[in-house]
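Dock chain E against chain B, hints included.
As given, the protein sequences belong to chains B and E, one line each in that order. Heads up: the first sequence begins at 0 in numbering that gives the first Met the number 0, then just goes up one per residue. Heads up: the second sequence begins at 0 in numbering that gives the first Met the number 0, then just goes up one per residue.
Keep in mind that a hint or two might mislead.
As the list claims (entries may be wrong) - Think about it this way: if two alpha-carbon atoms lie no more than 30 angstroms apart in a straight line, the pair counts; the simulated BS3-like pairs of lysine-lysine are:
| no. | chain 1 | residue 1 | chain 2 | residue 2 |
| --- | --- | --- | --- | --- |
| 1 | B | 233 | E | 48 |
| 2 | B | 234 | E | 48 |
| 3 | B | 107 | E | 48 |
| 4 | B | 289 | B | 117 |
To be clear, the hints were calculated from the coordinates, so they are not data collected in a lab.
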Amino acid sequence: MEEVNNSISQCSFRDPSGSIMVHDGEIFRSVNLLYKQQYDHLKQSGLYQILAENMMLVPHCEIMPSHLQDAIIYKILKPDRIPFISYPYEWCFSQLKAAALLTLEIQKIAISYGMTLKDANAYNIQFLNSKPTLIDTLSFDFYNEGSGWIALKQFCQHFLAPLSLAYYCDLRLHKIFTNFLDGIPLDLATKLLPLKSWLNYSLLLNIHIHSRFVNYYADKNQYDKGKIRNVISKKSLIGLIDMLYSTICKMNLNAKRKSEWSSYYQNNSYQDDSFRSKEHIIMNHIEDIKPQSVWDIGSNTGHFSRLISAEVPFILSLDSDPLSVEKNYQICNSQNITNILPLVLDLCNPTPGVGWNNLERTPILQRDKCTTILALALIHHLAISNNTPFLLIAQLFSKICKNLIIEFIPKSDPMAQYLLKTREDVFHDYSQQNFENTFCQYFFIKKKNLIKDIHRTIYLMINKY
Amino acid sequence: MKLLNNLVLALMIYLLSENVAYAYIDPGTGSYLFQLLAGCLIGIAIFFKQIVDFFKIILQKIKNYGRSK
Numbered sequence: 000m001e002e003v004n005n006s007i008s009q010c011s012f013r014d015p016s017g018s019i020m021v022h023d024g025e026i027f028r029s030v031n032l033l034y035k036q037q038y039d040h041l042k043q044s045g046l047y048q049i050l051a052e053n054m055m056l057v058p059h060c061e062i063m064p065s066h067l068q069d070a071i072i073y074k075i076l077k078p079d080r081i082p083f084i085s086y087p088y089e090w091c092f093s094q095l096k097a098a099a100l101l102t103l104e105i106q107k108i109a110i111s112y113g114m115t116l117k118d119a120n121a122y123n124i125q126f127l128n129s130k131p132t133l134i135d136t137l138s139f140d141f142y143n144e145g146s147g148w149i150a151l152k153q154f155c156q157h158f159l160a161p162l163s164l165a166y167y168c169d170l171r172l173h174k175i176f177t178n179f180l181d182g183i184p185l186d187l188a189t190k191l192l193p194l195k196s197w198l199n200y201s202l203l204l205n206i207h208i209h210s211r212f213v214n215y216y217a218d219k220n221q222y223d224k225g226k227i228r229n230v231i232s233k234k235s236l237i238g239l240i241d242m243l244y245s246t247i248c249k250m251n252l253n254a255k256r257k258s259e260w261s262s263y264y265q266n267n268s269y270q271d272d273s274f275r276s277k278e279h280i281i282m283n284h285i286e287d288i289k290p291q292s293v294w295d296i297g298s299n300t301g302h303f304s305r306l307i308s309a310e311v312p313f314i315l316s317l318d319s320d321p322l323s324v325e326k327n328y329q330i331c332n333s334q335n336i337t338n339i340l341p342l343v344l345d346l347c348n349p350t351p352g353v354g355w356n357n358l359e360r361t362p363i364l365q366r367d368k369c370t371t372i373l374a375l376a377l378i379h380h381l382a383i384s385n386n387t388p389f390l391l392i393a394q395l396f397s398k399i400c401k402n403l404i405i406e407f408i409p410k411s412d413p414m415a416q417y418l419l420k421t422r423e424d425v426f427h428d429y430s431q432q433n434f435e436n437t438f439c440q441y442f443f444i445k446k447k448n449l450i451k452d453i454h455r456t457i458y459l460m461i462n463k464y
Numbered sequence: 000m001k002l003l004n005n006l007v008l009a010l011m012i013y014l015l016s017e018n019v020a021y022a023y024i025d026p027g028t029g030s031y032l033f034q035l036l037a038g039c040l041i042g043i044a045i046f047f048k049q050i051v052d053f054f055k056i057i058l059q060k061i062k063n064y065g066r067s068k
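Excised from the complex, chain B in its bound form (with noise of 0.2 angstroms):
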């Protein structure tokens, strides 16, 4: 167990009920006698079995290695493995939206179990088989009636002030997060807000008045809790809940909002013919290779992610345009697909790491290694509009992946011509040639496929490394 103890995550160390440990590569939650009760109470009063069953809790078994003896330690628990570790900085709209509403539901649960979400964090959502899914199991405490939610101020600063910012203002508002690890603080929503958002009864009751109240009493220390307790009905917090989960609810995506991408799929140099040989030519690939996890980077609406997703057991798919990224979450789920997790990635600049000593939350590319690559029309956007050479490509791709599908467009294609069209041509060393000669001091080039009637190839590589 000393082992064990010496590699608690970076990133649990604020909860002095138990803390996340790794060890071979394994994750374990400890749970300390300190909280020894509340989660003797959650397993015997049914409200961990009726969570788990449905998916709102990640399940987890209790393991206890009989040489443990240890005087903080009560339990140790190995959760169910999440594939994938994303932040909320990652998620789409939709995404924060299902953990906002999920927050919601385990809390209005919990209540009538006789406990309640003591943090209402939106780190502590992940999701597993395209769900969202509480992870931290420790998050539960007693509920004493008339002492409100402890939790609700972090639950209107990570899930309603940055929801009702994406609805209201701009969905790319959500990178705000990776500055605000508590979530968007509630005085600078409500600076941030337009006015349209004061006539919503509840965002001016829950983010408009409710900032106020906070900065107003934030240095006065005069408050006494003592003398203002149970005055809380547990009818008022079950309303109260109940309006914050219609509210969101209510936020709904005009279908009609667009963005540069989200009609890529109908504004490219593909016809018919050509794009039925691209899928060939991919699917081929993935038989081939058969992985185990792909990274489908620059996938938009998802279109070739869903293709492979019967051949893959998990596939990430990624795009940097937040509306594609909600039109893939939405057909995914409308289709019950459920090992694709969209999330929103510019790969020009990936999330990095935030909080402790960065570690807190680690940076994207380095929380997990994929087996595979698929970079389609992706490259002419890194080397031309990003200005990134080859080099540097073939690098990053090789750290990150065992197999590379890749597609190269040449300059005469019409989509690359697009993209010079304002610009100087300074590409000079875009070329296929050059193309295959850097790519080579990293990959084997195993296959490479001449998509139909368009001069675009489609590359199967293999990292030498």
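This is chain E only, laid out in the frame that chain B set:
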């Protein structure tokens, strides 16, 4: 009722219009007192809704009695 609630809220906004965030913030105090306000308002709304529902049931019973007669 909604108009009265909005007037009360508008008055509270005016009274608490200081909007500067301090570096060291007590995470619980303001939020807890906010919950008292929100709880009160929701409690009042639930109370009036129960009264309205009560009278709706009475009216329905009177209608049903009238029809059966």
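Hint check results:
Between the alpha carbons of residue 233/B and residue 48/E the distance comes to roughly 17 angstroms, so the proposed pair stays at or under 30 angstroms and holds. In summary, the hint linking residue 234/B to residue 48/E is supported, as the alpha carbons are separated by about 13 angstroms, within the 30 angstroms threshold. Note on residue 107/B and residue 48/E: the hinted pairing holds, with a Cα-Cα distance of about 21 angstroms set against a maximum of 30 angstroms. Distance check on the hinted pair: residue 289/B and residue 117/B sit about 44 angstroms apart at the alpha-carbon level, beyond 30 angstroms; violated.
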